Amino acid sequence: MLRWLARRIIAAALVVFVVTSLVFVVTHIFTDPATVSLPLEATEEHRAQRRAALGIDRPLSVQYWDFVSGLVVGDLGESFWQDQPASKLVLERLPATLKLVAGATVVTVLLAAPMGMLAAWWERRFADHAVLGFSMASISAPPFWIGYLLIIIFAVQLGWVPTFGSRGFISLILPSFAIGLASAGRLAQMTRRGIVEELRKPYAVTALSRGFSRSYTIVHHTFRNVASGFVTMTGWELTRMFTGYTVVIEVVFAWPGVGRLAIHAIENRDLILVQAAVVVLATLVVLTNLLVDIARRMIDPRVELA
Amino acid sequence: MTAVESALGPPGADAGGAEAAPPETVTVLADLRSHLRKSKAGISGIVICSLFALVAVIGPWLPFIKDPAAQSLPDKLTPPVGWGGTWAHPLGTDQLGRDILARLIDGARISLLVSVAAVIIAAVLGTALGLIAGYIGGRIDTLIISAADVQMAFPGVLAGLILVAAFGPSVWLVILVIAISSWMVFTRVGRGLVFTLKTSLFVEASELAGASSRRVMWRHLLPNLVSSLITLSVLELAAAILSESAFAFLGFGVQPPRSSWGLMIQQGRNYITDGWWIVTFAGLAISVVVLGVNLLSLWLQSFNDVAEREQIILERPGG
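Chains as they are written, first to last, in the numbering used here: chain A, 1 to 306; chain B, 1001 to 1319.
Honestly, the hints are just simulated from the structure, not real lab data.
This one's a predicted model, so the numbers in the text were calculated from it and none came from an experiment.
We put the CB at the ideal spot given by N, CA and C, even for glycine.
Incorrect hints may have been included.
[Stated by the list, open to error] In silico SDA-like links for lysine to any residue, alpha-carbon gap of 20 Å or less:
hint, chain 1, residue 1, chain 2, residue 2
1, B, Lys1040, A, Arg125
2, B, Lys1040, A, Ala127
3, B, Lys1040, A, Gly133
4, B, Lys1066, B, Phe1052
5, B, Lys1040, A, Ala130
6, B, Lys1040, A, Phe126
7, B, Lys1038, A, His129
8, B, Lys1040, A, Ala137
9, B, Lys1038, A, Arg125
[What the hints assert, rightly or not] Covered, in the sense of this in silico footprint (three residues per stretch, anywhere, with C-beta under 8 Å from a C-beta of chain B), are these stretches of chain A:
hint, region
10, 29-38
11, 130-142
12, 151-157
13, 242-256
14, 281-288
Start from the sequences, fold in the hints, and give me the full structure.
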């Protein structure tokens, strides 16, 4: 187990390294932060000054070494839009993003597990069709549009919750649903499919034929065997959230997270800050995948130690 | 075709699904048609997708459609028919008095162009890499599959953020970003299928007959991947349309005055109190088209998966 864990951690670190190096290639070889940050009419002299200020007039190898050694100590460069260390700006916004992802995960799991079980319980009956309908609708609608619909209905028409911003728990509800509905739709179908497959296995057939009710068998026998797949899928949904949903949903709800910071940084042509946000989000994705692997191992020891 | 190959029958004939000889193709098509007749999901999916493609292609030449860019400030924020509007603007107008219906039709073109182009690039590139990784194996396989793993950890939106920051927004960049966030799906699936096919008799026979690796991959392995890859492409198409709308919404894709569904939502979001129809109809257009593609993909999956054919939910009596 320990050796497996060590190997997984090294592999994850390698992926982070490769991803950040790719980011460096885009930001430093294909273009450069000075040209991007200055208006088109800037003179060559201005650009040279900006390059010197950013230290990108030095040889690429030196810059790359600086970039990598900076990463190790958490230095992601200086934002020239905000005149502050980029890592500080990103880390300030990180808790808001994590809060949003946590809220969305709660919505996802609380909707998906019961819906999947209900659909499997009443297989081929009304509840099953209803859950499938919900799933198809939720995965087909763009999350940012769901966000606006929720705002129109619950904030504008009914006035139950604030439209946007981050004012404590209540303002977390709508964005969590906007993100969580699609994830719940996918996860519910996967849970249903897993349970239906398990119910055809001999142990479940035995339990049913001994007189245990379908619901009891699902909750106490089959769901446990689906749990490992459930955790893996939830992990995938988490990575989707970190890299796609949070960015658009933070824009919709003016949520002060990393994704919205990245969008603002793009609008202000601050390549270094975008780079920092992307590096942090990509690291979160890799970390999530690592945690999912560990959790799977703990739930289901049969998972191979690959 | 070499002697041994022809003695063993048409290439790919023993794996089922994607037969190359004409008579079998006809049976597959007939199968497909009768299977489709029983599936409401498949029919609705095909109808929605065809309508979408048709509107996207002939949209500008439809007789009663207005100019999507024509502004008319006196008519701004006219509600749709049924909410106090008139048939002059069936779905109402936006903040500049432009006809919503005309803009939706115009936006369909961008959606179709971007998503189809991205999926084609991803499918061709991803399948080629998957074939090579699965068939050649060894170090090349390790390299390709590690690249796919890294790509998994570096999804589209992040790549999109960094590329847009570096090069500025453009439609071509969005196509590229969606393609690079989806190629590894084709690589992984293709590679997995090649692994199982590699030991089949027909592959070994053509190897023994002296066929080159390229010939084995192109003539024998690829035809057997086609049906799975088409199903996968449809699934990825749904994801691509959603990604395109998200990028357009963030302002990364097509720029005004051209319209796109995602961009309409971005521009309409300041009017959700006095012009709810802008955001609502644009989002509805995206959702319906993606739903159509998803239904189509659900049906294709059920058709490809024999065990599933019996069970698939939408095919059930009354479903």
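Hint check:
The straight-line distance between the Cα atoms of lysine 1040 of chain B and arginine 125 of chain A is roughly 17 Å, inside the 20 Å bound, and the hint therefore holds. In summary, the hint linking lysine 1040 of chain B to alanine 127 of chain A is supported, as the alpha carbons are separated by about 18 Å, within the 20 Å threshold. Distance check on the hinted pair: lysine 1040 of chain B and glycine 133 of chain A sit about 13 Å apart at the alpha-carbon level, within 20 Å; holds. A threshold of 20 Å between alpha carbons decides the hint, and for lysine 1066 of chain B with phenylalanine 1052 of chain B the separation of about 18 Å falls inside it, so the pair holds.
Simply put, lysine 1040 of chain B and alanine 130 of chain A have alpha-carbon atoms about 16 Å apart, close enough for the 20 Å limit, and the pair holds. This hinted pair checks out: lysine 1040 of chain B and phenylalanine 126 of chain A have alpha carbons roughly 17 Å apart, not beyond 20 Å. The hinted pair formed by lysine 1038 of chain B and histidine 129 of chain A meets the criterion: a straight-line CA distance of about 17 Å does not exceed 20 Å. A C-alpha spacing of about 16 Å is found between lysine 1040 of chain B and alanine 137 of chain A, which places the hinted pair at or below 20 Å, so the restraint holds.
Only pairs whose Cα atoms come within 20 Å are accepted, and lysine 1038 of chain B paired with arginine 125 of chain A is accepted, the gap being roughly 18 Å. Coverage of the region 29-38 of chain A by chain B holds [criterion: at least 3 residues with CB-CB distance below 8 Å; count 3]. Here's how the region 130-142 of chain A fares: 7 of its residues keep a CB closer than 8 Å to some CB of chain B, so the rule of at least three is met and the hint holds. With 3 residues carrying a beta carbon less than 8 Å from a beta carbon of chain B, the region 151-157 of chain A meets the three-residue requirement, and the given coverage holds.
By the rule of at least three residues with a Cβ nearer than 8 Å to a Cβ of chain B, the coverage given for the region 242-256 of chain A holds, with 6 such residues. With 4 residues carrying a beta carbon less than 8 Å from a beta carbon of chain B, the region 281-288 of chain A meets the three-residue requirement, and the given coverage holds.
In this structure, every one of the numbered hints holds.
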